[in-house]
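Quick mapping for you: the protein sequence lines, in order, are chains A and B.
Counting from 1, one number per residue, gives the positions in the first sequence under the working numbering.
Counting from 1, one number per residue, gives the positions in the second sequence under the working numbering.
Please keep in mind that the hints were generated in silico from the structure rather than gathered at the bench.
Any given hint could turn out to be false.
Stated by the list, open to error - Think about it this way: if two alpha-carbon atoms lie no more than 20 Å apart in a straight line, the pair counts; the simulated PhoX-like pairs of lysine-lysine are:
no., chain 1, residue 1, chain 2, residue 2
1, B, 146, A, 118
2, B, 6, B, 54
3, B, 20, A, 272
4, A, 118, A, 97
5, A, 82, A, 97
6, A, 111, A, 422
7, A, 111, B, 20
8, A, 422, A, 207
9, B, 146, A, 726
10, A, 582, A, 600
11, A, 301, A, 394
12, A, 723, B, 146
13, A, 81, A, 55
14, A, 138, A, 122
15, A, 124, A, 428
As the structure is a computational prediction, the values presented were derived from the model and not from experiment.
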Amino acid sequence: MEKNKKNFKIVGKPIVRQDGVTKVTGKAKFAADYNFPNELQSVMLRIHSSHALIKSIDFSCIENDSNVAAIIDHRDIPGDKKVGVIKKDQPIFCSEKVVTPGDVIAMIVGKSERELIKIKDKIKIEYEDLPVLTDPSKSLETDAPLIHPEYKSNLIVHYPLRKGNVDSGFSNSEHILEQTYTTQNIEHAYIEPECVTAIPQIDNSIKIIGSIQNPHTTRRIVAAVLGISLSQVVIIQADLGGSFGGKDDTMNILSARAAVAAIKTGRPVKIKYSREDSILESYKRHPYVMHYKVGYNSSGKITTMKIDVTADGGAYASMSPFVTWRTVVQATGPYEIENVWTDVKAVYTNNPYTGAMRGFGSPQPIFAQESIMDEIAERLGMNPVEIREINALKQNSVTSTGQRLENHEVTLTKAMKTAIEKTGFVDKWNNYRNQSLDKSNFILSGEDLILSEDKFISRQDKLRRGIGLSISLRGCSLGAEGIDAAAALVAVQPDGSVYLLSGLAENGQGLRTTYSIVAAEILGIATDKIIYLEQDTSRIPDSGPTVASRATLMGGGAFRNASEIIQKRITNLLLNEWQLDKEAELIFEDSMIKHIASNKSIEFTEACSFASQRGINLSVVGWYKGPDVSWDEEIGQGSAYFTYVYGCHVAEVSVNINTGEIYINKITAVHDAGKIINILGAQGQVYGGSTQGAGYAVWEEIDKHNGFIREMNFDQYLIPTSKDIKSIDAIFIEGEDDYGAWGAKSLGEPTLELTAGAIANAVKNATGKRYFNLPLNLEEILLNRKLRPEDMKRGSE
Amino acid sequence: MKITFKLNGENVSIEVESYKRLIDMLREDFELTGTKEGCSIGECGACTVLMDGKAVNSCLVLAAQIDGAEILTIEGVNQGNNLSDLQRNFLTHGAVQCGFCTPGMILSSLALLNENPNPTVEEIEESIAGNLCRCTGYKQIIEAVKATAEMSNQKLRNQSA
Ligand code: FES
Ligand code: FES
Chain A
1 MEKNKKNFKI
11 VGKPIVRQDG
21 VTKVTGKAKF
31 AADYNFPNEL
41 QSVMLRIHSS
51 HALIKSIDFS
61 CIENDSNVAA
71 IIDHRDIPGD
81 KKVGVIKKDQ
91 PIFCSEKVVT
101 PGDVIAMIVG
111 KSERELIKIK
121 DKIKIEYEDL
131 PVLTDPSKSL
141 ETDAPLIHPE
151 YKSNLIVHYP
161 LRKGNVDSGF
171 SNSEHILEQT
181 YTTQNIEHAY
191 IEPECVTAIP
201 QIDNSIKIIG
211 SIQNPHTTRR
221 IVAAVLGISL
231 SQVVIIQADL
241 GGSFGGKDDT
251 MNILSARAAV
261 AAIKTGRPVK
271 IKYSREDSIL
281 ESYKRHPYVM
291 HYKVGYNSSG
301 KITTMKIDVT
311 ADGGAYASMS
321 PFVTWRTVVQ
331 ATGPYEIENV
341 WTDVKAVYTN
351 NPYTGAMRGF
361 GSPQPIFAQE
371 SIMDEIAERL
381 GMNPVEIREI
391 NALKQNSVTS
401 TGQRLENHEV
411 TLTKAMKTAI
421 EKTGFVDKWN
431 NYRNQSLDKS
441 NFILSGEDLI
451 LSEDKFISRQ
461 DKLRRGIGLS
471 ISLRGCSLGA
481 EGIDAAAALV
491 AVQPDGSVYL
501 LSGLAENGQG
511 LRTTYSIVAA
521 EILGIATDKI
531 IYLEQDTSRI
541 PDSGPTVASR
551 ATLMGGGAFR
561 NASEIIQKRI
571 TNLLLNEWQL
581 DKEAELIFED
591 SMIKHIASNK
601 SIEFTEACSF
611 ASQRGINLSV
621 VGWYKGPDVS
631 WDEEIGQGSA
641 YFTYVYGCHV
651 AEVSVNINTG
661 EIYINKITAV
671 HDAGKIINIL
681 GAQGQVYGGS
691 TQGAGYAVWE
701 EIDKHNGFIR
711 EMNFDQYLIP
721 TSKDIKSIDA
731 IFIEGEDDYG
741 AWGAKSLGEP
751 TLELTAGAIA
761 NAVKNATGKR
771 YFNLPLNLEE
781 ILLNRKLRPE
791 DMKRGSE
Chain B
1 MKITFKLNGE
11 NVSIEVESYK
21 RLIDMLREDF
31 ELTGTKEGCS
41 IGECGACTVL
51 MDGKAVNSCL
61 VLAAQIDGAE
71 ILTIEGVNQG
81 NNLSDLQRNF
91 LTHGAVQCGF
101 CTPGMILSSL
111 ALLNENPNPT
121 VEEIEESIAG
131 NLCRCTGYKQ
141 IIEAVKATAE
151 MSNQKLRNQS
161 A
């Protein structure tokens, strides 16, 4: 790990984001801020059903309406009528069947959205309702109706993992604990709803500008739907108003619809979603049902885990196979366990479909496994720290997939230690626990809603404090299921200014700034000399998706590669000119290039102009490819990811036991994300990610009734506001690693995945009671169940 | 109907339909697209503008209602080519990620600072509680507003010294 340079000039300092000025002045252009002459608006045609056969559609009463420029449906699609990143199961326009309420049958385009909405209801559609599947376990029953008959099963994917021998593991364990945990559907809730415009070009190509997370994926899908070549589709990413994994499949489909309409009408076509459209049609986070059986000894050592996870994939496969793959790799948590038997299944239902969302298959098992760790500790009379120290992965430990952790620094216990010292965890935990035990029978439960005299609680008794922690390991980037490489263009101009462009996309997370810092560090210049070009698929190679917290690691590696090539070219030129030894080292810093021993130096700008006169090419496309990983599908064994990051969250809460309200007093988030490139951006990731994690733990839920979502806007879907979390402390420990740019790894998702587990444990510490189902809202805390129309039983109760 | 009002310091008048919302008039007729739409029902605050110095959700105000009023949008916040202290502090404190909530956040904060030059953290939290941000976790936004208040108080002290 000695390659890692030590004295950084810019890396690790707080650097103001590159696109900041346009964003504080209102000049930044988001997708809905682009208007084109002659542009048409669009509205979607849906039916009120979660599962239905479409019998007939009669457009005749609107066909001649002057407000209608065109009606677009499946018949207008020249190429692929169904798309999907892994399984092509999702129609651009439904023709035979509707499988979830968000499904779209046709799109009407015209000048005025207002008028289109009025006439849309005149269209006559006949359909026949089919039985609706909302419970994944019912979907797998043998006589269940098939949601996509062509796949002959409602099972989207099944991943087994087999390590050691669980049977003998359990029979040799002194104790066994079995529990079931469930998590809910949640919405990404990016504040900018989806928007895209397709503009037909004179050369028969199509240009698309929109709120698109992964432009190269969108290009591939649009080209397939239109039946044209990739080069005929140009995707431009507008400034993106948040994504968190959410502006991928939905945006691919919206882009395809807009493109088909633009080609049919010969005019620019815009699709701009309202919040209701967005919540109705976009994918969500997977709800999980997780059954854990754990064998352990009185010493605290866990020997065996059997885990069964069912994920509700909703109506389409989308990213389910990738999301649940991460789950199977990480389901045992960051613990070294000898015998493991895990089954993870994703299943079709008629619920809204589920796909990529920040965290990506890890927040669910972390909630379960970190709750169970505390439960085991409790049964053994240990505290949460002790049980974890015994079982945590350490340097050279072997993971559940049989991978030895040896190529990077394993900082898991260091992260935990940092967090508990910072918060005074153990003392607080003990104090709060004693406070909660004597009054624990005051928590209302079940039907017992009427209090007897002695159960009344005085004012000071009603707030209980609690502290809890959770720890994780997270595989970086795509892992064994994807090809992992990224491209970066660094183009140094003759005057020393620099253009950057990357195949990865700025989603608001500050990736342009990160990349500028990497290039500036190596070239020894200021970041304000660097201009980051608009993301455009026609100018830069596909670098894979901007997902899996891989942008800093992969893109950072590619920018480091490109910048170092340029640095080398300038160095060679100068060494030659200054008649120095070929091996002599030049220093690039403060916009100068120096050779210390000979006291020679030149300004960076001059060196660039000199290079250009000498015909030296200072435009380089850098490339970074992650090392190979391996995976055996049958038994779930292999080197799943080429490197990992570690973290620990401690949550401090107060619980009002009269109302069931949880107040979040403090979250202390310790992360080893490797080298931190931009401290300001890194802190922002932690604050934002933990806040989303707290929303997931306590407030947020997309509740469905027969497949229909009940929370269609922010009046009912509650995300954290400025008043909900009192304080967040972000602490970084920088574990050594060779990969990427000086070992800068992943941060965006680790920040979110840990919070719910820590909060759940804090609530247990406060109330003395374990809650098995997210979110920990008032109903859950007070009644131990969710108030919903059909009272579905959920986890262990 | 015809309305006359002050927009970012300039007197303007325009013919508007009675059903037109303020946000649509700003974005479509004046091409001031810095005002954002996130929910259309007054919950997210992305569309916040100042009406006579008070923060309002422009998705809930009809254009016709602003006849005679003074409207400030994000485009009118900077002083010529210079950023205001508040804008600058948003940048240096890392209060901007995707930036979609930023115009609304800045205007809500501005309304607070106009009224209360010395807000507590709680008062800042309260004043932006109607502005949703999904990216930042609010902490750096609150710090930016606090820093702005401190800067302007410092300036006042310097003047009186
Ligand atoms: S768009 Fe006006 S408050 Fe959300
Ligand atoms: S910065 Fe993205 S919503 Fe606030």
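Consistency of the hints with the structure:
At most 20 Å may separate the alpha-carbon atoms for a hinted pair to count; residue 146 of chain B and residue 118 of chain A exceed this at roughly 47 Å. Proximity of residue 6 of chain B to residue 54 of chain B is assessed by CA-CA distance (about 14 Å); at most 20 Å being required, the pair is judged to hold. Straight-line distance between C-alpha atoms of residue 20 of chain B and residue 272 of chain A comes to about 18 Å, which keeps the hinted pair within the 20 Å bound. About 25 Å separates the Cα atoms of residue 118 of chain A and residue 97 of chain A, which puts this hinted pair outside 20 Å; it is violated.
Between residue 82 of chain A and residue 97 of chain A, the direct Cα distance comes to roughly 13 Å. Compliance with the 20 Å bound is thereby established for this hinted pair. For the proposed pair residue 111 of chain A and residue 422 of chain A, the alpha carbon gap of about 59 Å is over 20 Å, so the pair is violated. A distance of roughly 16 Å separates the Cα atoms of residue 111 of chain A and residue 20 of chain B; the hinted pair therefore holds under the 20 Å criterion. A C-alpha spacing of about 52 Å is found between residue 422 of chain A and residue 207 of chain A, which places the hinted pair above 20 Å, so the restraint is violated.
The suggested pairing of residue 146 of chain B with residue 726 of chain A holds, with an alpha-carbon distance near 15 Å, which does not exceed 20 Å. A C-alpha spacing of about 15 Å is found between residue 582 of chain A and residue 600 of chain A, which places the hinted pair at or below 20 Å, so the restraint holds. Restraint check: the Cα-Cα separation between residue 301 of chain A and residue 394 of chain A comes to about 14 Å, which is no more than 20 Å; the hinted pair holds. Simply put, residue 723 of chain A and residue 146 of chain B have alpha-carbon atoms about 15 Å apart, close enough for the 20 Å limit, and the pair holds.
Taken as a hint, the residue 81 of chain A and residue 55 of chain A pair is honoured in the structure, with Cα atoms around 19 Å apart against an allowance of 20 Å. Taken as a hint, the residue 138 of chain A and residue 122 of chain A pair is broken in the structure, with Cα atoms around 37 Å apart against an allowance of 20 Å. Simply put, residue 124 of chain A and residue 428 of chain A have alpha-carbon atoms about 64 Å apart, too far for the 20 Å limit, and the pair is violated.
Checked against the numbered hints above, the structure breaks hints 1, 4, 6, 8, 14 and 15 and satisfies the rest.
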